[in-house]
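Enquirer: The lines below spell out each chain.
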Amino acid sequence: MDTIDHNRSENAATTDDYNFAYLDEQTKRMVRRSLLKAVAIPGYQVPFGSREMPLSYGWGTGGIQVTASVIGPDDTLKVIDQGADDTTNAVSIRKFFAKTAGIKTTEETEQATVIQTRHRIPETQLKEGQVLVYQVPIPEPLRWLEARETETRKMHALEEYGTMHVRLYEDITRHGKIATSYDYPVIVNDRYLMRPSPIPKFDNPKMDQNPALQLFGAGREKRIYAVPPYTKVKSLDFEDHPFEVQKWDQSCAICRSDNSFLDEVITDDQGGRMFVCSDTDYCQKRVAQQQREKTSNPGEPSV
Amino acid sequence: MNQSHEAPLLTADNVTRYYGEHVGCRGVSFDLWPGEVIGIVGESGSGKTTLLNCTSGRLPPVSGTVQFATRAEGLSDIYEMSEAERRMLMRTDWGFVHQNPRDGLRMAVSAGANIGERLMAIGDRHYGDIRRTAGDWLGKVEFNIDRIDDMPSTFSGGMQQRLQIARNLVTKPRLVFMDEPTGGLDVSVQARLLDLLRVLVDELGLSAILVTHDLAVARLITHRLMVMRRGEVVESGLTDQVLDDPQHPYTQLLVSSILQV
Amino acid sequence: MTNSELDMVQVDGLTKNFTLHNQGGIKLSVLRDINLKVKGGECVVLNGPSGAGKSSLLRCLYRNYQSDSGRVLIQHDGAYVDIVSAAPRDIIAIRRHTIGYVSQFLRVIPRVSTLDVVSEPLRREGYSSEQARQQAGEMLERLNVPESLWELAPATFSGGEQQRVNIARGFIRSFPVLLLDEPTSALDAVNREVVISLIEERKKLGTAIIGIFHDEDVRERVATRLLDMAPLKDAA
Chain A
1 MDTIDHNRSE
11 NAATTDDYNF
21 AYLDEQTKRM
31 VRRSLLKAVA
41 IPGYQVPFGS
51 REMPLSYGWG
61 TGGIQVTASV
71 IGPDDTLKVI
81 DQGADDTTNA
91 VSIRKFFAKT
101 AGIKTTEETE
111 QATVIQTRHR
121 IPETQLKEGQ
131 VLVYQVPIPE
141 PLRWLEARET
151 ETRKMHALEE
161 YGTMHVRLYE
171 DITRHGKIAT
181 SYDYPVIVND
191 RYLMRPSPIP
201 KFDNPKMDQN
211 PALQLFGAGR
221 EKRIYAVPPY
231 TKVKSLDFED
241 HPFEVQKWDQ
251 SCAICRSDNS
261 FLDEVITDDQ
271 GGRMFVCSDT
281 DYCQKRVAQQ
291 QREKTSNPGE
301 PSV
Chain B
1 MNQSHEAPLL
11 TADNVTRYYG
21 EHVGCRGVSF
31 DLWPGEVIGI
41 VGESGSGKTT
51 LLNCTSGRLP
61 PVSGTVQFAT
71 RAEGLSDIYE
81 MSEAERRMLM
91 RTDWGFVHQN
101 PRDGLRMAVS
111 AGANIGERLM
121 AIGDRHYGDI
131 RRTAGDWLGK
141 VEFNIDRIDD
151 MPSTFSGGMQ
161 QRLQIARNLV
171 TKPRLVFMDE
181 PTGGLDVSVQ
191 ARLLDLLRVL
201 VDELGLSAIL
211 VTHDLAVARL
221 ITHRLMVMRR
231 GEVVESGLTD
241 QVLDDPQHPY
251 TQLLVSSILQ
261 V
Chain C
1 MTNSELDMVQ
11 VDGLTKNFTL
21 HNQGGIKLSV
31 LRDINLKVKG
41 GECVVLNGPS
51 GAGKSSLLRC
61 LYRNYQSDSG
71 RVLIQHDGAY
81 VDIVSAAPRD
91 IIAIRRHTIG
101 YVSQFLRVIP
111 RVSTLDVVSE
121 PLRREGYSSE
131 QARQQAGEML
141 ERLNVPESLW
151 ELAPATFSGG
161 EQQRVNIARG
171 FIRSFPVLLL
181 DEPTSALDAV
191 NREVVISLIE
201 ERKKLGTAII
211 GIFHDEDVRE
221 RVATRLLDMA
231 PLKDAA
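Protein chains in written order, with the working numbering: chain A, 1 to 303; chain B, 1 to 261; chain C, 1 to 236.
Do not rely on the hints blindly, as some may be mistaken.
Take a look, some chain B residues computed to stay more than 10 angstroms from chain A by CB distance [unchecked claim]:
{"#": "1", "residue": "Ala7"}
{"#": "2", "residue": "Pro8"}
{"#": "3", "residue": "Asn53"}
{"#": "4", "residue": "Asp93"}
{"#": "5", "residue": "Leu119"}
{"#": "6", "residue": "Glu142"}
{"#": "7", "residue": "Gly184"}
{"#": "8", "residue": "Val189"}
{"#": "9", "residue": "Val201"}
{"#": "10", "residue": "Arg230"}
{"#": "11", "residue": "His248"}
{"#": "12", "residue": "Leu259"}
Here are the computed lysine to any residue pairs in the SDA-like style, where the Cα-Cα straight-line distance is at most 25 angstroms [claimed, not checked]:
{"#": "13", "chain 1": "A", "residue 1": "Lys206", "chain 2": "A", "residue 2": "Ile254"}
{"#": "14", "chain 1": "B", "residue 1": "Lys172", "chain 2": "A", "residue 2": "Phe238"}
{"#": "15", "chain 1": "B", "residue 1": "Lys172", "chain 2": "B", "residue 2": "Asp202"}
{"#": "16", "chain 1": "B", "residue 1": "Lys140", "chain 2": "C", "residue 2": "Gln134"}
{"#": "17", "chain 1": "C", "residue 1": "Lys37", "chain 2": "C", "residue 2": "Ser174"}
{"#": "18", "chain 1": "B", "residue 1": "Lys140", "chain 2": "C", "residue 2": "Leu152"}
{"#": "19", "chain 1": "A", "residue 1": "Lys234", "chain 2": "B", "residue 2": "Arg125"}
{"#": "20", "chain 1": "B", "residue 1": "Lys140", "chain 2": "C", "residue 2": "Pro121"}
{"#": "21", "chain 1": "A", "residue 1": "Lys234", "chain 2": "B", "residue 2": "Ile122"}
{"#": "22", "chain 1": "B", "residue 1": "Lys140", "chain 2": "B", "residue 2": "Thr171"}
{"#": "23", "chain 1": "A", "residue 1": "Lys154", "chain 2": "A", "residue 2": "Ala40"}
{"#": "24", "chain 1": "B", "residue 1": "Lys140", "chain 2": "C", "residue 2": "Glu151"}
{"#": "25", "chain 1": "C", "residue 1": "Lys27", "chain 2": "B", "residue 2": "Leu253"}
{"#": "26", "chain 1": "B", "residue 1": "Lys172", "chain 2": "A", "residue 2": "Glu239"}
{"#": "27", "chain 1": "A", "residue 1": "Lys154", "chain 2": "B", "residue 2": "Glu80"}
{"#": "28", "chain 1": "A", "residue 1": "Lys154", "chain 2": "B", "residue 2": "Leu253"}
{"#": "29", "chain 1": "A", "residue 1": "Lys154", "chain 2": "B", "residue 2": "Arg102"}
{"#": "30", "chain 1": "C", "residue 1": "Lys39", "chain 2": "C", "residue 2": "Asp77"}
{"#": "31", "chain 1": "B", "residue 1": "Lys172", "chain 2": "A", "residue 2": "Glu170"}
{"#": "32", "chain 1": "A", "residue 1": "Lys201", "chain 2": "B", "residue 2": "Arg125"}
No wet-lab data here; the hints were simulated from the structure. These numbers were taken from a predicted model, which means no experiment stands behind them. Positions of the beta carbon are idealized from the N, C-alpha and C atoms, including for glycine.
With the hints as extra help, turn the sequences into a complete structure.
Expert: Put into structure tokens, the structure is as follows:
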């Protein structure tokens, strides 16, 4: 802690005021034990002693505690909120870790070793060795159906999941199709029913057989769960209403991508709108790539 | 007897349940055979609901056993089996019709989903088939099929009760437990519901254990009757015989107390 | 052995008392040491004044009443079964297949149509609904119950109409043993004739019939013999 490392961020001077990554070592150990159990039982919700964090419930306290417990001095952290690195929350959390852990931070998915996310999975394919930490509001997929914790735990233990399909049945009845478009329930490793947090269902296929380690933290509800690398994750559906991801008629207005999740942005008061990639890093990378291709082939028309 | 090689569907042997010092039920034994409806009648505090709960796996007796002829393994003690097995039984081979239909329905989902739930719980995954089966069952309980997508809170008590029955029968259970199924309903609605139950029991070959305080209900749909008083069975036998030729003083009192219309 | 050579019903030493616990424990003797044998094709008429226990005897034979002692052997499925001591589920089987009972008054089930009331025994046997209802209609027609009443519940019918519905239900299936309790008491001459011919047909089929008929003419016409009964003095 005394030597200045040129890899540390500029806030290194203040890291002496905090234990590394804010949490005390005992807490981190407790969280890691929960994480180990979670990884050993993919999709199973492990209760943990969630601590009071310097931000309110509902702002990512679970994700922060998981990140704080796994991050080390040599890690590089990326934080995204709805896919963007530059929203207030993403910036705050990134600064929090820079300050309390003095670790390197980045906006580039490929450069990160730990990625904390709210409500999106990055478009860029993740690699082995990377850790994706999800912020989870409500971990229990059966809560809508059954208010009693004692009962939902039994249902998980006895694999009584058929009733989850009741929810999807109701969707089809009311809307003609399964209308759940985010936080879409999945079965992990052919065993546990899991809520992937409010990521769009568009991202669900990315969870399946992902080389990265996926960790989920719910601070208010005090639960941790995990999907180890290369684990089967299957979204629920009916035989005659199979799982489908969202599609757009438009491509990204900035990078022309046809296969990323697009946000709709209102541009003026006349109802003008454009569609842009929600994953800012992915979008910028594509633009940069296209620029490089343009400069190396000056005679070609721009894409 | 061509029935002698059949085995009982459910056997209760010396079932006893106390609530502290207070007797819930004591020393109750009976056999239930396939296709039979047994009524348990008694006044408040007689122990009939306790007995129903003990025999339906909801309340373990302090002594005595309850055995059910499971499809897979024959006669099994329902309290010796694992919780998973018992819960599976309750979802498939057994039904339970509550007095208040709200206790037996999911009020937050449509009629069709209520019926389809048991099917989905046993692994049915074809929306069209599930919906069709739900519709068939609504027809069987004389429910307007146009209301398959409506919420139970929009139905009358009689309709809710019929929905509860359909929800229970969709997995073709062999045994249905009923706790005062017509208790909270208007008299005219009761009559229709009882007749529906009578027909369904006949057509589907159901066995049932039905708790009621109303002797007229017992006469209408039960084959055998057990009269309970202060936790004990004081008389049992064919329903019409118990009601027309009661032997025990308490039964005689009960029968003679019915007002004639 | 055909039914007409066989004793379909054999009653040995049947005794029945009532004990009214809530009225000081009074004991009433209703039947004492009744003996009776009925072959298939016979119609035994119970003969005696009111209070002689005729109805009670029929009810004991149907096990609607419990007997205090004695035996009631019924030929069921090729063997004799003692109704007095048989288990309830066996009684249910016997009532389904072997003994029919036409009570004096129709027990009305609310909201069930006449046609359904009459056709129910056939549906129980496995007949299709259409076939059962068709046969029920033929029987009702024979008993002069107008078609306009068939879809109505019998609760509001006259006594005579209800009785005819009851008879239709009791005769729709051919039981080997038939118990009839005053089946013609509320009927006019025309319908009494119909009932008499129904009984004659059953006798020819080999049905063992035990009945109570308060009308002397009917009794003369259908009885193959009489069983005389008299009221008992109360037990001490």
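Enquirer: Next, verify each hint and record whether it holds.
Expert: Hints, verified against the model:
no.	hint	in the structure
1	Ala7	28 angstroms, holds
2	Pro8	28 angstroms, holds
3	Asn53	18 angstroms, holds
4	Asp93	16 angstroms, holds
5	Leu119	8 angstroms, violated
6	Glu142	22 angstroms, holds
7	Gly184	24 angstroms, holds
8	Val189	27 angstroms, holds
9	Val201	27 angstroms, holds
10	Arg230	34 angstroms, holds
11	His248	42 angstroms, holds
12	Leu259	43 angstroms, holds
13	A:Lys206 to A:Ile254	23 angstroms, holds
14	B:Lys172 to A:Phe238	23 angstroms, holds
15	B:Lys172 to B:Asp202	13 angstroms, holds
16	B:Lys140 to C:Gln134	22 angstroms, holds
17	C:Lys37 to C:Ser174	20 angstroms, holds
18	B:Lys140 to C:Leu152	21 angstroms, holds
19	A:Lys234 to B:Arg125	14 angstroms, holds
20	B:Lys140 to C:Pro121	21 angstroms, holds
21	A:Lys234 to B:Ile122	19 angstroms, holds
22	B:Lys140 to B:Thr171	14 angstroms, holds
23	A:Lys154 to A:Ala40	19 angstroms, holds
24	B:Lys140 to C:Glu151	20 angstroms, holds
25	C:Lys27 to B:Leu253	16 angstroms, holds
26	B:Lys172 to A:Glu239	23 angstroms, holds
27	A:Lys154 to B:Glu80	18 angstroms, holds
28	A:Lys154 to B:Leu253	47 angstroms, violated
29	A:Lys154 to B:Arg102	22 angstroms, holds
30	C:Lys39 to C:Asp77	16 angstroms, holds
31	B:Lys172 to A:Glu170	23 angstroms, holds
32	A:Lys201 to B:Arg125	20 angstroms, holds
When the structure is compared with the earlier hints, violations turn up for hints 5 and 28 and for no others.
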